[in-house]
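**Q** Sequence:
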Amino acid sequence: MPAPAPFKVASIQFEPTMFAKEANIAALARMCSEAAQDGARLIVTPEMGTTGYCWYDRAEVASEVETIPGPTTERFREIAAAHDCYIVVGMPEVDPVTDLYYNSAALIGPEGVIGTHRKSHPYISEPKWAASGDIAHQVFDTPIGRIAILICMDLHFFETVRLETLAGADVICHISNWLAERTPAPYWITRAFENGCYVVEANRWGLERTVQFSGGSCIIGPDGRVEAQVDAGDAIVTGLIDPARARVGRVLGEPVFEMRRPALYKTLMTNSFTWNSLDYFRLYGYQPLPGAGASTLAVAQFAPGDDSAANLARIEAFAAEAQAAGAALLVLPELALTGPRDPAARAEPVEGALIDRFTRIAMRHRLHIVAGFAERAGTRLYNAVVLAGPEGRVGVYRKIHLSQADLSWATAGDDWAVFDLPFGRLGLLTGTDALLPESVRVLALAGCDIVACPAALPPGFTGAHAGTAIPHNFPIPKAADPWHWHALRTRSGENNLHLVFANVPGAGNPGASGIFGADTFAFPRQESAILEGEGLATLAIDLTNADTPYPSTVVRRKDLVTMRLPHHYLPLVLDGGLRP
Numbered sequence: 132m133p134a135p136a137p138f139k140v141a142s143i144q145f146e147p148t149m150f151a152k153e154a155n156i157a158a159l160a161r162m163c164s165e166a167a168q169d170g171a172r173l174i175v176t177p178e179m180g181t182t183g184y185c186w187y188d189r190a191e192v193a194s195e196v197e198t199i200p201g202p203t204t205e206r207f208r209e210i211a212a213a214h215d216c217y218i219v220v221g222m223p224e225v226d227p228v229t230d231l232y233y234n235s236a237a238l239i240g241p242e243g244v245i246g247t248h249r250k251s252h253p254y255i256s257e258p259k260w261a262a263s264g265d266i267a268h269q270v271f272d273t274p275i276g277r278i279a280i281l282i283c284m285d286l287h288f289f290e291t292v293r294l295e296t297l298a299g300a301d302v303i304c305h306i307s308n309w310l311a312e313r314t315p316a317p318y319w320i321t322r323a324f325e326n327g328c329y330v331v332e333a334n335r336w337g338l339e340r341t342v343q344f345s346g347g348s349c350i351i352g353p354d355g356r357v358e359a360q361v362d363a364g365d366a367i368v369t370g371l372i373d374p375a376r377a378r379v380g381r382v383l384g385e386p387v388f389e390m391r392r393p394a395l396y397k398t399l400m401t402n403s404f405t406w407n408s409l410d411y412f413r414l415y416g417y418q419p420l421p422g423a424g425a426s427t428l429a430v431a432q433f434a435p436g437d438d439s440a441a442n443l444a445r446i447e448a449f450a451a452e453a454q455a456a457g458a459a460l461l462v463l464p465e466l467a468l469t470g471p472r473d474p475a476a477r478a479e480p481v482e483g484a485l486i487d488r489f490t491r492i493a494m495r496h497r498l499h500i501v502a503g504f505a506e507r508a509g510t511r512l513y514n515a516v517v518l519a520g521p522e523g524r525v526g527v528y529r530k531i532h533l534s535q536a537d538l539s540w541a542t543a544g545d546d547w548a549v550f551d552l553p554f555g556r557l558g559l560l561t562g563t564d565a566l567l568p569e570s571v572r573v574l575a576l577a578g579c580d581i582v583a584c585p586a587a588l589p590p591g592f593t594g595a596h597a598g599t600a601i602p603h604n605f606p607i608p609k610a611a612d613p614w615h616w617h618a619l620r621t622r623s624g625e626n627n628l629h630l631v632f633a634n635v636p637g638a639g640n641p642g643a644s645g646i647f648g649a650d651t652f653a654f655p656r657q658e659s660a661i662l663e664g665e666g667l668a669t670l671a672i673d674l675t676n677a678d679t680p681y682p683s684t685v686v687r688r689k690d691l692v693t694m695r696l697p698h699h700y701l702p703l704v705l706d707g708g709l710r711p
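Just so we're aligned, residue 132 is where the sequence shown starts under this note's numbering, counting upward by one.
Hints are computed from structural coordinates only; laboratory data are not their basis. You may find that some hints are simply not true.
Unchecked claim - For lysine-lysine, the following DSBU-like pairs were computed, each having C-alpha atoms within a straight-line distance of at most 35 Å:
1) Lys259 with Lys152
2) Lys397 with Lys609
3) Lys139 with Lys152
4) Lys259 with Lys609
5) Lys609 with Lys152
6) Lys139 with Lys609
Said to hold, decoys possible - Restraint-style ranges between C-beta atoms, simulated for each label pair:
7) Thr341 with Ala444: 15 to 23 Å
8) Asn407 with Met494: 31 to 39 Å
9) Tyr415 with Ile255: 33 to 41 Å
10) Met494 with Thr341: 49 to 57 Å
11) Phe652 with Arg340: 13 to 21 Å
Quick reminder that beta carbons are idealized off the backbone N, C-alpha and C, glycines included.
I would like the entire structure built from these sequences, with the hints used as guidance.
**A** This is the structure:
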């Protein structure tokens, strides 16, 4: 069945006023009518746009809640019917059976309410008055395309958008009261990018009960590019949605939905960090988290060539530099040992001379080194990563999510690789593994403090910001930033771990290597990056636990990971045709 034709979409940015529900609804109705008259077929309004957001408790918001359908949805149905369009309205909902309140969004069409999303992953404020959503992650098939809805904090969890795109969503309507960073936010961009779908972002702006909201409403394309946006103020942002683009399902040219390995994702249905992780991982005396303190991580960005001896010489130089900087770990790019050209002809066995020479470099410089190579194991070839350290070769990881180029020569691996080292628990990935958010999440749930990812990814996973007029308080940055969005930075923050990403620069590759910090909400960011060219970057980290039986660092607590709601996530681990 062919995709529906492209259509115009509008995102409404609006500053509601508390205790002024009728005025808010009237203003939103006027803006929706204006957008519809301008030809918008889908119109998206902000989270709690009818009432404002910062309610003290259930008693205070009681006069604002409504049923869905109800009087407010009827007002917007009239607009939808008059203009043959679809409107997403954010509002506080009361369930007439249970008398529970929800932070909800209704999708309204010409015939009335099509469906509802109740915010499934609450932010700090919702538990003051609302229950966590029990109606979530549905995809609504309409004449203009497949529409799904998320509300604010929902989008911090990759699982939510993945559930909806696996069910065929063309566009995610993300309504929010986003705060505490420049927008369009990196999380918004990452969710569009990693799923190859549109994100229509309707955020509020302004100050409410001391809370500064970020504005930045926008339309983000399936490649992660912000196609239209506004900074501050009440505004209507318009753009074009082409469902056919969303149904291609590619990220950096790779068919990510075909690359998924659900049988290897069963861990996603668990939540290791619900319990004290120091107790959880030492239960029954099996695989306790390693004791760890302060250490330094290093990443080297360079372009390996066809001569393995020359590659080893470069690696030796980087190892000496990393050792001089006090590093405990050095991460090098994908295929750094054997080179990227004709890997099948250059493949080497793990027990061979090349890996032995590499291991001796690690031993000589007294640090752990991660490097990519083409591995020959009998009749099979793998895009692999080797880890060597001061005491010798530690282990090998074989790439699980093969790129289109890999498929011409390599066999996919079937096992995750996790190692306990003196400076923490280390997980390994490489290249296109990092395009699938499931990969880093599995390693996070296994207790990894650090993930090392050698790569050779092409451009398209970073983006700039022109700066914002929103008056954020220090230290939240407001200035222009050529590196505002980096998909791998999002990976580290959403999993509360340090991610060391070593990419190849030049010849069409952007480089953009870095060591990214574990706290997605911390400014200034704890990270070190190589913006261009070749070179080495280092970052000091500290996993020291305070004198307490509970984890005292975000890496060992994994606050954001703990907030996951795995009971929603079952389709992520099922094989079969979930994506239409």
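**Q** Within a Cα-Cα threshold of 35 Å, do lysine 139 and lysine 609 meet the stated pairing?
**A** Holds. Lysine 139 to lysine 609 sits at ~30 Å (cutoff 35 Å).
**Q** Would you check the hint for lysine 609 and lysine 152, treating anything up to 35 Å between C-alpha atoms as holding?
**A** holds, 31 Å
**Q** For lysine 259 and lysine 609, compute the direct alpha-carbon distance and say whether it is at most 35 Å.
**A** Holds - the C-alpha atoms of lysine 609 and lysine 259 are around 30 Å apart, at most 35 Å.
**Q** How does the Cβ-Cβ distance of methionine 494 and threonine 341 compare with 49 to 57 Å: does it lie in that range?
**A** holds, 56 Å
**Q** Tell me if the straight-line CA distance from lysine 259 to lysine 152 falls inside 35 Å.
**A** holds, 20 Å
**Q** For the pair we were handed, lysine 397 and lysine 609, check the Cα-Cα distance against 35 Å.
**A** Violated, because 40 Å separates the two Cα atoms, which is more than 35 Å.
**Q** If you check the beta carbons of threonine 341 and alanine 444, does the distance land in 15 to 23 Å?
**A** violated, 58 Å
**Q** Okay, asparagine 407 versus methionine 494 on CB: inside 31 to 39 Å?
**A** The hinted range 31 to 39 Å holds for asparagine 407 and methionine 494, with Cβ atoms some 36 Å apart.
**Q** Does the alpha-carbon distance linking lysine 139 and lysine 152 stay inside the 35 Å limit?
**A** holds, 28 Å
**Q** Do the beta carbons of tyrosine 415 and isoleucine 255 sit within 33 to 41 Å of each other?
**A** Holds, at about 35 Å.
**Q** Is it true that the C-beta distance of phenylalanine 652 to arginine 340 lies inside 13 to 21 Å, as the hint says?
**A** With Cβ atoms ~19 Å apart, the hint holds.
Hint compliance for this structure: hints 2 and 7 are not met, and every other hint is.
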